[in-house]
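Sequences and hints are given; from them, build the entire structure.
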Amino acid sequence: MKTDRIDDILARYFQPDAEPGDLAKRVLAAARESARETGRLLDKISIQATPSGVSLIRAERLEKPATAAARKLCDRAREELAEYFQGKRAFFSVPVDLSGAPNFQKKVLAAAGRIPFGEVRPYAWVAQRIGHPRAVRAVGTALGRNPVPFIVPCHRVLQTGGGLGGYLFGTDVKGRLLSLERTTPVYEGCTSTHIVCRVGCIHGRHMRPDNRVVFASVDDARSIGYRPCKVCKPARAA
Amino acid sequence: MGRVARGDEAAFGELVGRYGSRLLGVARRLLGSRADAEDAVQRALLQCYLGAGTYRSEWAVSTWLYRILTNVCMDELRRRRSRSGELEPPARSDPPGEHLDLRRALGRVPTEARVLLALRYVDGLSYGELAKIRGISINTVKSQLQRGKGLLRAALTKGGTA
Chain C
1 MKTDRIDDIL ARYFQPDAEP GDLAKRVLAA ARESARETGR LLDKISIQAT
51 PSGVSLIRAE RLEKPATAAA RKLCDRAREE LAEYFQGKRA FFSVPVDLSG
101 APNFQKKVLA AAGRIPFGEV RPYAWVAQRI GHPRAVRAVG TALGRNPVPF
151 IVPCHRVLQT GGGLGGYLFG TDVKGRLLSL ERTTPVYEGC TSTHIVCRVG
201 CIHGRHMRPD NRVVFASVDD ARSIGYRPCK VCKPARAA
Chain E
1 MGRVARGDEA AFGELVGRYG SRLLGVARRL LGSRADAEDA VQRALLQCYL
51 GAGTYRSEWA VSTWLYRILT NVCMDELRRR RSRSGELEPP ARSDPPGEHL
101 DLRRALGRVP TEARVLLALR YVDGLSYGEL AKIRGISINT VKSQLQRGKG
151 LLRAALTKGG TA
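Residue numbers (our numbering), protein chains in the order written: chain C, 1 to 238; chain E, 1 to 162.
I should point out that these hints are in silico values taken from the structure, not numbers from a laboratory. All residues carry an ideal CB built from backbone N, CA and C; glycine is no exception. Hints should not be assumed to be uniformly reliable.
Every beta carbon over 10 Å from chain C, so not counted as near; a handful from chain E, in silico [unchecked claim]: (1) 1; (2) 3; (3) 6; (4) 32; (5) 107; (6) 108.
The calculated lysine to aspartate or glutamate pairs, modelled on DMTMM-like cross-linking and capped at a C-alpha distance of 20 Å, are [to be verified]: (7) 25/C x 39/E; (8) 25/C x 9/E; (9) 25/C x 14/E; (10) 25/C x 8/E; (11) 158/E x 7/C; (12) 158/E x 8/C; (13) 142/E x 129/E; (14) 158/E x 4/C; (15) 149/E x 8/C.
Which residues of chain E face chain C? A partial, calculated answer using Cβ under 7 Å [to be verified]: (16) 4; (17) 12; (18) 13; (19) 20; (20) 22; (21) 29; (22) 42; (23) 46; (24) 54; (25) 61; (26) 74; (27) 102; (28) 111.
Encoded structure:
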């Protein structure tokens, strides 16, 4: 590439920045904290399922699933939750069974389920979305009784002023989930296959760490020759 | 890296001392503010420390670090885009003039090309290293850089800087 005035301007602009002296210390402190947190939440959780989907996630001990199909779904949900808590999953593929929930709650949970990963919306937004703009308190109650927290992301619903509001597993867990989602990428590509997936796709599980690149969008990935995965369909989720 | 993988904190400190300012330079130019850049570099270094065992010796350490950092920055750019629907980095405390014009112009350069420009000009990385960092061919690197510079030249010529 020929050097010209643009090169000089860019070289002046892209000067290295002075590094804060305590950067290594801060990282090491965060590493210790992260090691303590990993797995702690998963140990607390019990999961119940019917043959058609996960039906209950709670902190207290639940009855064991009655059928082999339900047991399989419980194991799958636990696996997906473990990946989610480790920042290796940005969506859930395990089905849920909300047939026991009243109609109003089903609508509320469906609206909460449409909030994109890593984003938040106020309770009033959910109320508006389900066509009951004045039922903000009832929305809060319905979310508070969410049978399948984490999978249906009621933790992404906050108070209008930005306050955390309530949460089944406590507000500190709600805060931790939101910060986890802020640091979990959504689109990843494999440098050997040139396929871009949603983080958590089955294709990504076997990807070597040094083959992994993150994208800001599916279009960005396309612009440098990657194609969207046919299994997780990242373009449709965007 | 072997010492870092064994949990040697002094070795990690040396690594941060050697690469920290260059990583911050790239992150700041991509994300706009010093605070966001420090946050991104901290997250990248944390991933590097926790994942040091997966480091493969055929990689240059700097290439591996830049791969992790660009992954973090890319996701931050995605989040901003979904929040605001725009690509341009937020205002930063540059003096008016050339830097301000360039920052504006860079906001019009597609994300992938912008990342490659930052890596190329902060650390003078080769086409081969850039290709490895983003998992693309050398020809794609060249065409992306060419395209990015072309857009910058057009924007700056219009604004009277270049």
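Tell me the numbers of any earlier hints that the structure contravenes, in ascending order.
16, 25
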